[in-house]
Amino acid sequence: MPGPETLICHPNVVLGKGSLVDPFVILGRPPRGAQSGELTLSIGVNAVIRSHTVIYAGTTIGDNFQVGHNALIREFTVIGNDCSVGSGSIIEFKVAIGNGVRLHSNVFVPEYCRLEDGCWIGPNAVLTNAKFPAARRTKETLQGVTVGKKAIVGANSTILPGVVIGPGGLVGAGAVVTRDVEAAAVVVGSPARQVARVGDLRYDDVDALVYPDAARPE
Amino acid sequence: MPGPETLICHPNVVLGKGSLVDPFVILGRPPRGAQSGELTLSIGVNAVIRSHTVIYAGTTIGDNFQVGHNALIREFTVIGNDCSVGSGSIIEFKVAIGNGVRLHSNVFVPEYCRLEDGCWIGPNAVLTNAKFPAARRTKETLQGVTVGKKAIVGANSTILPGVVIGPGGLVGAGAVVTRDVEAAAVVVGSPARQVARVGDLRYDDVDALVYPDAARPE
Amino acid sequence: MPGPETLICHPNVVLGKGSLVDPFVILGRPPRGAQSGELTLSIGVNAVIRSHTVIYAGTTIGDNFQVGHNALIREFTVIGNDCSVGSGSIIEFKVAIGNGVRLHSNVFVPEYCRLEDGCWIGPNAVLTNAKFPAARRTKETLQGVTVGKKAIVGANSTILPGVVIGPGGLVGAGAVVTRDVEAAAVVVGSPARQVARVGDLRYDDVDALVYPDAARPE
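Protein chains in written order, with numbering that gives the first Met the number 0: chain A, 0 to 217; chain B, 0 to 217; chain C, 0 to 217.
It is possible that part of the hints are untrue.
25 Å max Cα-Cα, derived SDA-like pairs, lysine to any residue [unchecked claim]:
{"#": "1", "chain 1": "C", "residue 1": "K93", "chain 2": "B", "residue 2": "S83"}
{"#": "2", "chain 1": "B", "residue 1": "K149", "chain 2": "C", "residue 2": "R135"}
{"#": "3", "chain 1": "A", "residue 1": "K16", "chain 2": "A", "residue 2": "F75"}
{"#": "4", "chain 1": "A", "residue 1": "K138", "chain 2": "C", "residue 2": "G117"}
{"#": "5", "chain 1": "C", "residue 1": "K149", "chain 2": "A", "residue 2": "E110"}
{"#": "6", "chain 1": "C", "residue 1": "K16", "chain 2": "C", "residue 2": "L6"}
{"#": "7", "chain 1": "C", "residue 1": "K16", "chain 2": "C", "residue 2": "S41"}
{"#": "8", "chain 1": "A", "residue 1": "K93", "chain 2": "A", "residue 2": "T39"}
{"#": "9", "chain 1": "A", "residue 1": "K148", "chain 2": "B", "residue 2": "A133"}
{"#": "10", "chain 1": "A", "residue 1": "K16", "chain 2": "B", "residue 2": "P30"}
{"#": "11", "chain 1": "B", "residue 1": "K138", "chain 2": "A", "residue 2": "V47"}
{"#": "12", "chain 1": "C", "residue 1": "K138", "chain 2": "B", "residue 2": "A195"}
{"#": "13", "chain 1": "A", "residue 1": "K93", "chain 2": "C", "residue 2": "V47"}
{"#": "14", "chain 1": "A", "residue 1": "K16", "chain 2": "B", "residue 2": "R31"}
{"#": "15", "chain 1": "A", "residue 1": "K138", "chain 2": "C", "residue 2": "L200"}
{"#": "16", "chain 1": "B", "residue 1": "K93", "chain 2": "A", "residue 2": "R101"}
{"#": "17", "chain 1": "A", "residue 1": "K148", "chain 2": "B", "residue 2": "L141"}
{"#": "18", "chain 1": "B", "residue 1": "K138", "chain 2": "A", "residue 2": "D81"}
{"#": "19", "chain 1": "C", "residue 1": "K148", "chain 2": "A", "residue 2": "T137"}
{"#": "20", "chain 1": "A", "residue 1": "K138", "chain 2": "C", "residue 2": "A195"}
{"#": "21", "chain 1": "A", "residue 1": "K148", "chain 2": "A", "residue 2": "R196"}
{"#": "22", "chain 1": "A", "residue 1": "K149", "chain 2": "B", "residue 2": "F131"}
{"#": "23", "chain 1": "B", "residue 1": "K138", "chain 2": "A", "residue 2": "G117"}
{"#": "24", "chain 1": "B", "residue 1": "K93", "chain 2": "B", "residue 2": "V77"}
{"#": "25", "chain 1": "B", "residue 1": "K148", "chain 2": "B", "residue 2": "R178"}
{"#": "26", "chain 1": "C", "residue 1": "K148", "chain 2": "A", "residue 2": "L141"}
{"#": "27", "chain 1": "C", "residue 1": "K16", "chain 2": "C", "residue 2": "Q65"}
{"#": "28", "chain 1": "C", "residue 1": "K16", "chain 2": "A", "residue 2": "A33"}
{"#": "29", "chain 1": "C", "residue 1": "K93", "chain 2": "C", "residue 2": "L14"}
{"#": "30", "chain 1": "C", "residue 1": "K148", "chain 2": "A", "residue 2": "E139"}
{"#": "31", "chain 1": "C", "residue 1": "K149", "chain 2": "A", "residue 2": "R136"}
{"#": "32", "chain 1": "C", "residue 1": "K138", "chain 2": "C", "residue 2": "E115"}
Partner residues aside, some chain A positions facing chain C, computed with beta carbon under 10 Å [as the list claims (entries may be wrong)]:
{"#": "33", "residue": "I7"}
{"#": "34", "residue": "N69"}
{"#": "35", "residue": "I89"}
{"#": "36", "residue": "P109"}
{"#": "37", "residue": "T127"}
{"#": "38", "residue": "S156"}
{"#": "39", "residue": "I158"}
{"#": "40", "residue": "G173"}
If you are wondering where the hints come from, they were derived from the structure by calculation, not from laboratory data.
This structure is a prediction, so every number in the text was calculated from the model and none was measured.
Even glycine gets a Cβ: it sits at the ideal position worked out from N, Cα and C.
Turn these sequences into a full structure, and let the hints steer you where they fit.
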């Protein structure tokens, strides 16, 4: 059963009361250029941190945090209260995440992205920040994605650098989003186009509206 | 070399004869609300379980199971004989998987999906189950994907909730499948459209037929 | 803190001077059919190998190698100098990677792919090699993807088997590439189509050119 070698907890990690940590987790890993314990990792009360997950020093996370297995959260990222990050997801450094945000599994979020309160990111969705990767001016031209309040980003979608998804917007599964999405707009396809307003959706016909070609005979 | 701390095996795990388990694996992790050892994890003979993989209690897996590294299999899932699950793949709870099923790497399979005998799921493919994620009625409207016998789901494709892929169907790489796929039909694109029947494919022109625009001059 | 049980290093691993290895790493894992220590894993000087990563025996890696967390590199793969492989990425066996190549996070590279000097692969990009997966003749018809010198493969793109991306080519994020890409061509969409030449791109309008519909009013 889990012994002392199965959790790596660097100095200067503050973990709130009632938190649970699985084996093979690393907390407070120093980023490049920092020493172990030089930066603080602060996590609020009642966190659940599942196995094989790594959270870097220099990051601050609120209360009631849930994280799956094999996830990675880098340095200088801020995460609010009541958030969850799914298994295999990667959050890079300098990401700003509000309260009540849920990232599903295998999501990728690069630096400078902003995820506002209550938004939801589906499995294997990929946000980006480099308009011209691997170029001389890549670093100075990075622009993160903004996902507005209560917006929903569908499974395996791809969001181009600098795109702003308005509050309550809905990005269909598999979409490739190259332009900003209006508040409460529904966009689908590659490249994504607006096909409806969220307010028009009813539960019974959601697939017909969200995915117009998905209407089935039955 | 691997010592006693490198495998976490909870009580009530039944692992068949001839099985091999790599280091940093967790077997029988209790799901939320259960105690360690309360539920059984049963795995048949001759399993190979590679490093950093986690399999929850409450799941049953048949003989000759192969699983890669960093994979996750949750509770109350049933997997038949002669199946393989690739590295980084995630299978959620209450998934039903037949015999001879192969999931490649980084695949995501949410709850209520059904993968029938002999089907094949390519790398980074994403199945879904929530027509309207993060809504009040999300849980009661969940519908898993069904992948029929010997169907093939291409790499990095996205399958919408409730879609049924008929037996022997073939989903092209990168497709976004919003409608049911007929038995032995070939679908490609975003949204996916039927472009051929599997019976029409010959090995020599498979890319021309499966991916009609892929025909090259040579 | 990390103890002796947290690194699994098989016999016959050569790790250059100045290298750093995080906990929960496995180096020199024998591939199927080989014994521990039978094959050599050789890694050059100044490597940084982050936690939960697995590198198989039989592989050779040059100097100044950087690899993220939870990555997997299989046997009989050759990687040049000054390369980096991101967290969660999977490189299968018999892959040939030149110098100065950068793979971002959650990338999938199957056997027989060839990544030439200075190319860049974005997060969650998927290369493939099986024109007709799970068929009798799958193994004899495998064809890897070739990514030319300094080519850029965008985030979450999918590259079909046997495709050659010419030197300096640019594949847009989310593209599904079914045909060869000319040298220095820019391709986007599903299926991907050429929309520009890299030489035409200026930093200020790169999103308008690379992603033609992304032009915004500001």
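Do the hints match the structure? See the list:
A hinted pair counts as satisfied when its Cα atoms are at most 25 Å apart, and K93/C with S83/B qualifies at roughly 21 Å. Between K149/B and R135/C, the direct Cα distance comes to roughly 13 Å. Compliance with the 25 Å bound is thereby established for this hinted pair. Proximity of K16/A to F75/A is assessed by CA-CA distance (about 23 Å); at most 25 Å being required, the pair is judged to hold. A hinted pair counts as satisfied when its Cα atoms are at most 25 Å apart, and K138/A with G117/C qualifies at roughly 17 Å.
Our distance criterion of 25 Å between C-alpha atoms is met by K149/C and E110/A, whose separation comes to about 23 Å. This hinted pair checks out: K16/C and L6/C have alpha carbons roughly 17 Å apart, not beyond 25 Å. Pair hint K16/C plus S41/C holds up; C-alpha atoms about 12 Å apart against a cutoff of 25 Å. Proximity of K93/A to T39/A is assessed by CA-CA distance (about 15 Å); at most 25 Å being required, the pair is judged to hold.
Between K148/A and A133/B, the direct Cα distance comes to roughly 12 Å. Compliance with the 25 Å bound is thereby established for this hinted pair. Restraint check for K16/A and P30/B: the C-alpha separation of about 21 Å stays at or below 25 Å, so the hint holds. Straight-line distance between C-alpha atoms of K138/B and V47/A comes to about 22 Å, which keeps the hinted pair within the 25 Å bound. For the hint linking K138/C to A195/B, the alpha-carbon distance of about 23 Å falls within 25 Å, and the restraint holds.
A threshold of 25 Å between alpha carbons decides the hint, and for K93/A with V47/C the separation of about 22 Å falls inside it, so the pair holds. With a CA separation close to 18 Å, the supplied pair K16/A and R31/B stays within the 25 Å bound. A C-alpha spacing of about 17 Å is found between K138/A and L200/C, which places the hinted pair at or below 25 Å, so the restraint holds. Restraint check for K93/B and R101/A: the C-alpha separation of about 21 Å stays at or below 25 Å, so the hint holds.
Distance restraint check for K148/A and L141/B: the Cα-Cα separation of roughly 23 Å lies within the 25 Å cut-off, and the hinted pair is therefore satisfied. Between K138/B and D81/A, the direct Cα distance comes to roughly 19 Å. Compliance with the 25 Å bound is thereby established for this hinted pair. In summary, the hint linking K148/C to T137/A is supported, as the alpha carbons are separated by about 18 Å, within the 25 Å threshold. For a cut-off of 25 Å, the pair hint linking K138/A to A195/C stands: about 23 Å separates their Cα positions.
This hinted pair checks out: K148/A and R196/A have alpha carbons roughly 16 Å apart, not beyond 25 Å. Annotation: proposed proximity of K149/A to F131/B holds, straight-line Cα distance about 13 Å (limit 25 Å). A C-alpha spacing of about 17 Å is found between K138/B and G117/A, which places the hinted pair at or below 25 Å, so the restraint holds. Between K93/B and V77/B the alpha-carbon distance is near 7 Å, which keeps this suggested pair within the 25 Å criterion.
Simply put, K148/B and R178/B have alpha-carbon atoms about 18 Å apart, close enough for the 25 Å limit, and the pair holds. Between K148/C and L141/A the CA atoms are separated by roughly 23 Å; this keeps the pair inside 25 Å, and the hint holds. About 14 Å separates the Cα atoms of K16/C and Q65/C, which keeps this hinted pair within 25 Å; it holds. Among the hinted pairs, K16/C with A33/A is consistent with the structure: their alpha-carbon atoms are about 21 Å apart, no more than 25 Å.
As the CA atoms of K93/C and L14/C are separated by approximately 20 Å, the hinted pair is consistent with the 25 Å bound. Our distance criterion of 25 Å between C-alpha atoms is met by K148/C and E139/A, whose separation comes to about 24 Å. Straight-line distance between C-alpha atoms of K149/C and R136/A comes to about 15 Å, which keeps the hinted pair within the 25 Å bound. Annotation: proposed proximity of K138/C to E115/C holds, straight-line Cα distance about 24 Å (limit 25 Å).
Given hint, I7/A at the interface with chain C, holds; its Cβ is 5 Å from that chain's nearest Cβ, closer than 10 Å. Because the beta carbon of N69/A sits about 5 Å from the nearest beta carbon in chain C, less than 10 Å, this interface hint is met. The beta carbon of I89/A comes within 5 Å of a beta carbon in chain C, closer than 10 Å, and the hint placing it at the interface holds. Because the smallest distance between the Cβ of P109/A and any Cβ of chain C comes to about 7 Å, under 10 Å, the interface hint for this residue holds.
Interface hint at T127/A: satisfied, since its Cβ lies 5 Å from the closest Cβ of chain C, which is below the 10 Å cut-off. For S156/A, the interface hint holds, since its Cβ comes within 10 Å of a Cβ in chain C; the closest pair sits about 8 Å apart. Taking 10 Å as the C-beta contact cut-off toward chain C, the hint placing I158/A at the interface holds, the least distance being around 8 Å. With a least beta-carbon distance of about 9 Å to chain C, the hint placing G173/A at the interface is held under the 10 Å criterion.
Hint violations for this structure: none, all hints satisfied.
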